[in-house]
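So the protein sequences, as listed, match chains R, F and C.
Here the first sequence stands for residues 0 to 151, where the numbers follow numbering that gives the first Met the number 0.
Here the second sequence stands for residues 0 to 151, where the numbers follow numbering that gives the first Met the number 0.
Here the third sequence stands for residues 0 to 151, where the numbers follow numbering that gives the first Met the number 0.
Since the list gives no way to pick one copy over another, a pair counts as held whenever it fits inside one copy or between any two copies.
With a straight-line Cα cutoff of 30 Å, these simulated BS3-like cross-link-like pairs (lysine-lysine) come out: (1) Lys59 x Lys43; (2) Lys43 x Lys57; (3) Lys27 x Lys41; (4) Lys27 x Lys15; (5) Lys41 x Lys57; (6) Lys27 x Lys59; (7) Lys59 x Lys41.
If you are wondering where the hints come from, they were derived from the structure by calculation, not from laboratory data.
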Amino acid sequence: MASVVELLSLTNPVFKSYVFWTGVLVLKMLFMSVLTGMQRFKTKTFANPEDLLSPKLKVKFDDPNVERVRRAHRNDLENIVPFLIVGLLYTLTNPSAFLAINLFRAVGIARIVHTLVYAVVVIPQPARALSFFVAAGATVYMAFQIMVTAAF
Amino acid sequence: MASVVELLSLTNPVFKSYVFWTGVLVLKMLFMSVLTGMQRFKTKTFANPEDLLSPKLKVKFDDPNVERVRRAHRNDLENIVPFLIVGLLYTLTNPSAFLAINLFRAVGIARIVHTLVYAVVVIPQPARALSFFVAAGATVYMAFQIMVTAAF
Amino acid sequence: MASVVELLSLTNPVFKSYVFWTGVLVLKMLFMSVLTGMQRFKTKTFANPEDLLSPKLKVKFDDPNVERVRRAHRNDLENIVPFLIVGLLYTLTNPSAFLAINLFRAVGIARIVHTLVYAVVVIPQPARALSFFVAAGATVYMAFQIMVTAAF
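Chain R on its own, in the form it takes in the complex (with noise of 0.2 Å):
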């Protein structure tokens, strides 16, 4: 199994794995906007005059439930696609199933129980700190991995 034919494939389990896990968290990603969209209409807080419900509402920056949501949606941005570019990269690299699989689940628990601890029901640390390692330190691995094959 060392040409992209077989590692691009769905019957390359490593590669099966990272679809599946893409698919999920681009997903949870984009539900982001969803919980954004509800803290907004919930605290009446919106940024475009456009967006305005009625003409005595005025545009709004700081309500903390709005921007928590928002720090939770960057903090994915800054998370979750670094690991979707670095574990296809790292599929083509032909690792080990076992590791890569185990990787990927890694990270897609991680970013799951990250959103919920920070964005869902707020959970004393150091729950979003381990949550975010979990996946940083996944990716890392992985981005280092990548880094060096291509490098020798």
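Once you've looked at the hints, dock chains F and C against the given chain R.
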């Protein structure tokens, strides 16, 4: 047309369409930096002391025109980037060419409209909401498809 | 060398270079979270109540050192992420190896310099502007190339 050799070739009309719209949307996204820069110079709103054009100016973070373009740019990151990754994997699931090409077109056109009505000429709602939901809906559909395809 | 089998193999020097710089730039981007964390602890600036280290502290959003690193991080999302996607598709268009490898190098080095002069040791302009435009210029060129290649 089941192997990656055909799927990721420019002779595959689905991949061709994906590459075209990726080029268009990345150029559009990078243009947001130009728009932000134009608004910064026009309103003399700079975020860093080393950017100030004159010693009389101070850093400023609340100009509504600058912040509007920055919100549109962030919205691109939240929506275009996930599409770019999901679109590539969706292409690899060998979808119906007619459906796939029209999904890519829908995302591409909707995100251009989103920028126009948000950051170029402000159009009252629901213009922005509609363009947002067309692109998000198509991306959710593709993400769901790749997740399900990889799950079974 | 026209098939994806050769193009996405590490025996293709263009793909090898792309994978190497992707690893480097993703590690660099993830390091921005470390830099942000360091500035947060140093200046005791935390954005969430559950992150406060002592009951005397309050959430704070306007520390200039924290915000500077966060702006640099966001600028990475706006510029490195589009490059990572466009670079992969550009590799698939079978470009001149000399040109492609030097474009990847230019983006990689320019974005490292951008971080250094923006968020590590602040260097007066036009240091940051120059590093920004080198990377953005190379990415625009590649995005334009893939768009045109796919359009005809």
